[in-house]
Structure formats: structure tokens, C-alpha cells
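Turn these sequences into a full structure, and let the hints steer you where they fit.
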Amino acid sequence: MAIVQAINLTKKYGKLTAVETLNVEIDEGEVFGLLGPNGAGKTTIIKMFATLLEPTSGTAKINGFDVIKQPAKVRESIGIVFQEPSSDELLTGYENIKLYAMMYGIPKDEIKKGISEALELVELTNRKDDLVRTYSGGMRRRLEIARSLIHKPKVLFLDEPTLGLDPAGREKMWAYISQLVEELKMTVLLTTHYMEEADTLADRIGIIDQGKIVVVDTPKALKATLGGDLVTINASTIPISELEKLKYVKKIKQENHKVILTIENVSRNLQPLLKVFGKIDSVEVRNTTLNDVFLSFTGKRIQEEGKSTWFDKIIQESTSRA
Amino acid sequence: MTLRGVSAIWQREMLTFSREKPRIVSAVINPIFWLLTFGAGLGSTVSIEGINYQQFIFAGIIVQTILFSSIFYGAYLVWDRRIDLLKAILVTPLSRFSIFFGKVLSGVTIALIQSVILLFFGLFININYTLISLILVVLIIVVTAAGLTALGLTIGSFMTSPEGFQLITTFVIFPLFFLSGALFPLANLPVYLGTLTSINPVTYIVDMLRGLLIGLQYYGTIENLLVMIGFVLVAMFIGTKAFERMRS
Chain C
101 MAIVQAINLT KKYGKLTAVE TLNVEIDEGE VFGLLGPNGA GKTTIIKMFA
151 TLLEPTSGTA KINGFDVIKQ PAKVRESIGI VFQEPSSDEL LTGYENIKLY
201 AMMYGIPKDE IKKGISEALE LVELTNRKDD LVRTYSGGMR RRLEIARSLI
251 HKPKVLFLDE PTLGLDPAGR EKMWAYISQL VEELKMTVLL TTHYMEEADT
301 LADRIGIIDQ GKIVVVDTPK ALKATLGGDL VTINASTIPI SELEKLKYVK
351 KIKQENHKVI LTIENVSRNL QPLLKVFGKI DSVEVRNTTL NDVFLSFTGK
401 RIQEEGKSTW FDKIIQESTS RA
Chain D
28 MTLRGVSAIW QREMLTFSRE KPRIVSAVIN PIFWLLTFGA GLGSTVSIEG
78 INYQQFIFAG IIVQTILFSS IFYGAYLVWD RRIDLLKAIL VTPLSRFSIF
128 FGKVLSGVTI ALIQSVILLF FGLFININYT LISLILVVLI IVVTAAGLTA
178 LGLTIGSFMT SPEGFQLITT FVIFPLFFLS GALFPLANLP VYLGTLTSIN
228 PVTYIVDMLR GLLIGLQYYG TIENLLVMIG FVLVAMFIGT KAFERMRS
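Just so you know, the sequences run in chain order C and D.
Position one of the first sequence corresponds to residue 101 (our numbering), numbered consecutively onward.
Position one of the second sequence corresponds to residue 28 (our numbering), numbered consecutively onward.
I should point out that these hints are in silico values taken from the structure, not numbers from a laboratory.
Some clues are possibly wrong.
What the hints assert, rightly or not - Keeping only pairs whose Cα atoms sit at most 25 Å apart, straight-line, the calculated SDA-like set for lysine to any residue is: (1) C:Lys212 - D:Gln38; (2) C:Lys208 - D:Thr29; (3) D:Lys114 - C:Gly205; (4) C:Lys228 - C:Lys173; (5) C:Lys347 - C:Lys312; (6) C:Lys254 - D:Thr29.
This is the structure we're talking about:
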């Protein structure tokens with residue numbers, strides 16, 4: 101049974117439609133990645149799931165509870181880590197979690213054990229009595245993951261869990277999340293605009309663009325939709341007619357002395373493929389990435405590696421205003 | 028409303044408060060500064076109905092302290108909202124009213140701590156307390172602080188960014204303070220000032236406190252009491268509503 105279910109979920113701000121008739125089901129124990137560029141509506145979806153934002157129309161069910169009619173029940177069922185840090189800087193890590201545990205009504209005698217387990221999981225035990233002010237960005241994010249787990253939620257929402265972390269911190273965070281999923285068998289919905297992140301963590305990915313889910317599938321199946329990996333060959337003569345006869349060649353794109361081929365099962369078929377050519381100047385093999393998938397489904401590139409900074413936003417805003 | 032949830036909010040605010048040293052220092056030093064400079068300075072030449080000016084404004088300075096402390100504390104909510112802290116609380120099963128109540132309780136506690144220091148200081152300017160008057164004064168401080176914190180929370184729930192903070196002083200705190208008779212007697216005021224002070228609920232609170240502290244009172248006690256209770260109930264009601272409709 102689906103533990104998260106969006107039913108015609110829609111959010112409009114005036115004329116702008118942030119999320120358009122979203123229908124999606126996430127199964128129990130699954131890691132689901134919402135992948136899309138900034139402003140695609142990912143955070144809006146999470147906010148509606150978390151009862152922080154009321155849908156314009158449609159609804160969602162979390163753990164069987166309706167986000168509009170049973171918000172309190174939904175809140176008990178979920179844990180959430182926001183995009184922006186939301187811990188109290190003037191409290192210690194331990195205090196931060198303890199106060200949230202109290203708000204969730206966790207019995208006093210269970211709190212201590214729960215907190216030390218949660219802190220252990222994110223490896224913050226030795227820093228638990230330091231003020232959060234002294235934590236690094238990655239540590240804060242980990243603390244918030246620990247906090248979001250304290251009431252043992254059925255579903256965990258992670259909104260851009262590695263935004264603003266350096267590459268090392270990002271990989272570490274991925275390891276924590278994977279471990280968490282494995283140990284706690286938790287359902288996770290994560291949003292991200294990092295291809296690699298979705299690829300590494302998610303069992304299934306929903307590609308979202310301008311408030312609409314374009315496609316939902318496993319990373320592997322998504323990549324398979326492109327038919328194979330890309331092989332670029334530079335050669336003085338290109339035997340087009342022979343290439344067309346090969347079954348494993350899915351697409352051919354020729355530019356002068358260069359040909360870009362989409363090849364099924366490249367590891368097995370590369371060698372016979374090269375035999376068709378005479379003299380070859382260079383060969384380049386590139387495995388299909390989610391980026392290619394994203395491009396083929398939405399017709400545009402996702403902004404990678406946090407390149408859409410506030411600076412880009414300002415430029416976008418000023419140009420749209422002009 | 029859950030007691031432990033309210034207690035969690037309260038503990039959080041108290042821990043934060045106790046670790047913000049500059050806030051504590053200014054909260055304690057400011058009112059004493061007023062008494063020592065303004066009160067003593069004017070008091071050297073001015074006395075009101077035979078009462079030393081420093082003693083006369085003592086009730087007013089207590090109310091001023093609560094005004095600044097509680098309203099700012101409440102309006103500080105805008106900061107919580109900005110740094111996503113409030114969002115994290117709003118996704119817990121804790122009801123909005125519990126959060127609101129925990130906040131009001133915290134605002135009252137902080138105002139009370141500051142007032143107690145001031146009341147102690149009152150001993151040095153010859154304020155004669157009795158056990159009864161002290162208990163009643165503390166009760167009034169608690170009730171007033173609750174109302175003013177609710178007012179601050181209402182303002183904080185409507186604000187979208189902390190930039191407007193200075194405006195609160197100019198358009199809320201100063202009018203409530205200067206038009207309350209905290210610094211001047213209510214008798215024989217020019218008509219416009221008399222009208223403005225009479226529609227300011229803070230006037231009645233200052234008056235009641237002054238009656239208890241130095242025995243000088245302009246309005247009747249029942250009148251003062253009714254205005255105070257009315258003000259607090261209205262402020263709490265509006266505050267609760269504002270809190271419920273607030274967007275994270």
C-alpha cells in the first residue's frame with residue numbers, strides 16, 4: 101500500500117501554478133527522489149505533505165491520513181529536514197533534540213535513550229553538549245536528521261538534504277541517509293536538484309518540471325529509456341550504411357567526420373562496433389546520466405552543482421522585470 | 028493543549044534568553060538608568076503632589092520595562108519564522124495554541140525577572156512595600172506582560188521581515204508609553220492629551236500600580252481593573268487568532 105499518496109494535488113499562487121494536479125504514490129520502505137531544477141515546485145509539494153501549506157485543490161494522504169482533514173495525525177507520522185537550517189543556535193545539540201522530543205510527547209524515560217540512539221546514528225555523540233552555533237553546516241544537517249527521527253516517523257521528508265555542503269560533506273551525508281534507510285527501514289521522500297544524489301539514493305525518481313511530474317521510474321529504467329550509452333567516434337570515413345544494419349545501434353547522428361551513436365549494452369558491443377570502421381582517430385564512450393534523461397524529458401538541462409545561486413536569481417528576476 | 032509541549036517551548040525560550048548576555052544586561056540596566064538620570068534629574072526640582080518625582084515615575088518605569096520586554100519578545104517571532112525555526116515547531120503535533128501559550132508564558136517570565144530587579148531597586152528610592160501590595164503588583168505585572176506579549180506576537184505574526192522592527196518602537200511602544208501618564212500626572216491635562224491618555228489601556232495599568240506603590244491613584248480601582256482585564260482578554264484573543272492564521 102502507498103504510504104504517501106498525492107491525489108490531484110494542486111497549489112496556485114494567484115495566476116502562477118506552483119504544483120499542477122500531482123498524482124503520485126510512494127510505497128512503504130521506498131526512497132523516492134523528486135528531481136527537478138530550483139523553482140520546479142519540489143518544496144511546495146513537501147510543504148503540502150507536511151501540512152505547512154494548504155493545497156488549492158486536491159489532497160494528499162500520508163500514512164493513511166488526509167493532510168487537510170487530519171493534520172495532527174499527519175504530523176505525528178512524519179519527520180522533516182528543511183532546506184534551511186532550523187536548529188536553535190543557542191542550544192546544544194542535545195537540548196535541541198530533547199525539546200522536540202517533548203513536543204512530540206515522548207515519555208520522559210524514553211527520551212534519553214532515544215536521543216543517544218539518534219545522535220549515535222549521525223555520529224554527533226561527542227559534540228552533543230556543544231552549542232549548535234559551533235557546528236559546521238554538515239553537522240547541523242545531521243543534527244536535524246537526528247531530530248527528525250526522534251519520534252520514529254513513518255515517513256521522512258528531506259528537502260535538498262545536501263544543499264550548501266561541500267562535495268565531501270555531501271558524500272558523507274549520502275552515506276548517513278543510506279545507512280538510515282537500511283537500519284530503520286524508513287520511507288524517505290527527498291527532493292534534490294543534484295542528479296548524482298537522486299541516482300545514488302533513490303529507488304525511484306520522479307522528474308518534476310514547472311510543477312508537473314514528467315516521468316516516474318527507477319534510475320536504471322529512466323536511463324534505459326534513452327536506449328543506451330553514447331559513443332562518439334572520429335574517423336575520416338564513416339560507414340553509415342553498415343552502422344544502420346547493426347541491431348545494437350539505436351541512434352546515429354553524424355557531423356562531418358564525427359558520429360555520435362547510441363549503443364545498447366556498450367560493454368559487450370563496443371568491440372564489434374569498432375571493427376566496422378576502418379581507421380579511427382578517436383573514440384569516446386560516455387555512460388548515460390540522469391542529466392541526459394532530464395534533458396530528453398524536459399528539453400532542458402538541470403542547473404547542476406548549485407550553479408543557480410542568488411546571483412542567477414537576481415539576474416533572472418531583473419531580466420524578467422525589464 | 029499539552030503541558031509538556033508548552034513546557035518545551037518555555038524551556039527553549041528560557042535557555043535562549045539565559046545565553047543572550049547582551050539582552051539581559053540591557054534589559055536590567057535600561058530601566059535603572061531611566062530612574063537614575065531622568066527620575067533623579069527632574070526629581071531634583073520637580074515634585075508631584077508632594078511626592079518625589081523619582082518615586083512618581085517608578086510605576087511608569089516598571090510598565091515601560093514590560094512594554095519593551097514583552098512587545099519585543101513577542102515580535103521577535105518574525106525572526107523565528109525567518110530562520111525556519113518556527114516551521115520546525117509547526118510540523119510537530121503541538122497545537123498552535125500550545126505554542127502561543129508557551130510563548131506568552133515565556134514573555135511573562137522574562138518581564139517578571141526584569142520587574143523583580145526593578146522592584147528590588149525600589150527599596151533604594153524609599154518605596155514602601157507591604158506583603159499585600161507586593162503580591163498585587165506582581166499579579167498586575169504578570170497579567171500586563173501576558174497581554175503585551177500577545178500584542179507583540181500578533182505584530183510578529185503579521186510582519187514579513189525583521190526590517191520593520193524600529194517602527195514598533197515608534198508606532199506602538201512610544202505612544203503606549205508616553206500617552207500613559209507614566210511620566211506625568213493625569214489631572215489637569217490639556218484636552219487632546221487627556222483624551223489620548225484616557226483611551227490608552229496602559230494608562231489604567233500605570234495608575235493602578237502607582238496606587239499600590241505610592242498611594243497616588245487617579246481612576247477608581249474597579250475601573251482600572253476592568254480596563255486591564257478587558258485589554259488582556261482582547262489581546263490574547265486577537266493573538267490566538269493571529270497565530271492560527273499565520274503562514275509559516
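Going through the hints against the structure:
1. C:Lys212 - D:Gln38: Given that 25 Å is the threshold and the Cα spacing comes to 17 Å, the pair holds.
2. C:Lys208 - D:Thr29: Roughly 14 Å between the alpha carbons, so the hint for Lys208 of chain C and Thr29 of chain D holds.
3. D:Lys114 - C:Gly205: holds (18 Å)
4. C:Lys228 - C:Lys173: violated (30 Å)
5. C:Lys347 - C:Lys312: With Cα atoms ~35 Å apart, Lys347 of chain C and Lys312 of chain C exceed 25 Å; violated.
6. C:Lys254 - D:Thr29: holds (23 Å)
Hint compliance for this structure: hints 4, 5 are broken, all remaining hints hold.
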